[in-house]
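**Q** To convert, note that position 13 of the sequence shown is 13 in my numbering; the numbers rise steadily by one, no gaps.
Please keep in mind that the hints were generated in silico from the structure rather than gathered at the bench.
Each hint should be verified, as a subset may be incorrect.
[To be verified] Straight-line distance between alpha carbons at most 20 Å, and here's what the computed EDC-like set of lysine to aspartate or glutamate pairs gives:
# : residue 1 : residue 2
1 : K210      : E223
2 : K77       : D51
3 : K106      : D21
4 : K136      : E111
5 : K113      : D15
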Amino acid sequence: MPLSTFSKIIYPESDGQPLADNTIQFRLIVTIQGGIDALFLENPNVFVAGDLFWYPVEGEPWIRQAPDVMVVIGRPKGDRRSYKQWEEDNIPPQVVFEIASHSNTKTELEETKRYFYERYGVEEYYLFNPQPGILKGWQRDNEVLQPIPRMSGWISPRLGIRFELEQGNLQLYHPDGERFASFVEIIEQRRLEKRAREQAEFAQRNAIPKLLAMGLTVEQIAEALSLSVETVRAIAER
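Using the sequences and the accompanying hints, generate a full structural model.
**A** Printed below as a string of structure tokens:
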């Protein structure tokens with residue numbers, strides 16, 4: 001039997017470069033990726049990834065990009081070693097984000113990558129340069145990614161999120177108005193909410209004996225404090 005003249009095509013999963021060059025870039029990438037993933041938490045067919053190789057053309061592994069964040073609406077969640085478009089119902093990422101670092105050039109981000117995204121089907125391309133705090137965006141018009149004239153206050157047609165520049169910092173907002181938060185901010189918010197609940201519960205426990213002493217019934221106290229009668233009775237009997 002003759003040996004096959006065809007060799008297996010290798011699609012690299014890494015270019016050997018770090019995810020980010022600095023803490024600002026890393027924090028933004030993680031916050032954007034996590035915030036969009038959370039936005040579509042209940043939708044099993046939205047795939048969100050950060051720094052993942054996207055191969056749009058089968059058999060041509062040199063044609064690739066690894067957007068800092070990419071969103072594919074219409075493909076299931078799950079782990080991938082790369083995004084090979086021909087294995088994904090030929091659906092390209094509709095939205096991509098790039099966060100500039102000192103190693104990036106304007107030509108690379110606004111020409112080379114933009115032309116790539118334009119050619120291979122991206123509908124929305126967003127670019128933020130933390131220093132000096134410049135936000136740009138492009139939206140598909142037929143076959144061309146056209147510049148978005150004003151990004152501050154812009155709402156993504158595909159994602160529904162709002163872009164704002166606040167003192168030179170990029171802030172993204174969910175459709176309900178909630179701001180995208182970093183992991184540390186989320187943990188701190190949970191701590192504050194827990195502390196507030198504990199303080200409210202402590203105040204209620206202290207109020208029950210005083211209200212009983214004033215002559216209120218267990219039922220009246222329960223209604224006034226929005227507690228169950230059983231809860232009020234249990235605290236009163238301690």
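**Q** What are the numbers of the hints that this structure violates, sorted from low to high?
**A** none
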